Amino acid sequence: MSTLVLGWSLVIAQVMLALAMAAAAFRIIRGPRAQDRVLGLDTLYVNAMLLLLTFGIRSGSTLYFEAALVIAMIGFVTTVALSKFLMRGEVIE
Amino acid sequence: MIASPDLPAWAALLTALFVLLGAGLTLTGSLGLLRLRQFYERVHAPTLGTTLGTVFVLIASIICFSVLQTRPVVHEILIAVFITVTTPVSLILLVRAALFRDRVEGNARNFEWRAPSSERNVTSAPTEDRSS
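For the protein sequence lines, the chains are A and B, in the order given. At position 66 of the first sequence (counting the first as 1) the number is 66 in this note's numbering, and the numbers step up by one without a gap. Remember, this note's numbering sits 1000 above the position in the second sequence when you count from 1.
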């Protein structure tokens, strides 16, 4: 019974996170200006990281945790590089 | 048949609760990103997902793996610390870039801080000159 509850709540959580990723992707496509698109990308990778963590809980393996950690680190570098590009017009000064 | 790990009842219910809480908060933040009107309002919304949403999902993961492996598994704290440290840094850089772009184009005055109406001159119209 409790296993069934856990399975269904994982399904609902994954649907919610997929909807959140869709909202962020819509902001990337639609965003009026470049900073909106960067913010949408920032949100998109955080949501993707949480979705990977729920996949890890479902499958019971810790491989997904390492993928989530890598996504978190690469996403931070991406946002900082894009912000520097918006500020200066070049990434490495 | 829906695949899910074989946990005892209390751990399964706690994991389900925390996963649902985290996913719901993240969805709320992303909907805020979708619906708010200005960029400077939209910056606030996704941080709901990066703070509370991430923490709740990570707590669920810690409970699940600690019960599965019958030992404390706390390496998820790495992600929590990393996200907590990096999100303010990247968003401050992003907002400074956005403010710089708005100032270059000359429409930053719509977004800058404005004193409450009690402190302002009563006769000043909303289109007051703030060229200082």
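In case anyone wonders, no lab produced these hints; they're calculated from the structure. Quick caveat: nothing in here was measured; it's all calculated off a predicted structure. Treat the hints with care, as some may be off.
To spell it out: a stretch of chain A is covered by chain B in this simulated footprint if at least three of its residues, at any positions, have a beta carbon under 8 Å from a beta carbon of chain B; those stretches are [unchecked claim]: (1) 6-15; (2) 20-26; (3) 37-51; (4) 54-61; (5) 64-75.
25 Å max Cα-Cα, derived SDA-like pairs, lysine to any residue [said to hold, decoys possible]: (6) A/Lys84 x B/Val1095; (7) A/Lys84 x B/Val1055; (8) A/Lys84 x B/Thr1084; (9) A/Lys84 x B/Ala1009; (10) A/Lys84 x B/Gly1106; (11) A/Lys84 x B/Phe1100; (12) A/Lys84 x A/Ile71; (13) A/Lys84 x B/Val1085; (14) A/Lys84 x B/Glu1041; (15) A/Lys84 x B/Pro1088; (16) A/Lys84 x B/Leu1020; (17) A/Lys84 x B/Leu1091.
Chain B regions said to be covered by chain A (calculated; three or more residues, Cβ under 8 Å) [to be verified]: (18) 1033-1046; (19) 1080-1086.
We put the CB at the ideal spot given by N, CA and C, even for glycine.
Hint check against the structure, violated hint numbers in rising order: Hints 7, 9 and 16 contradicted; others consistent.
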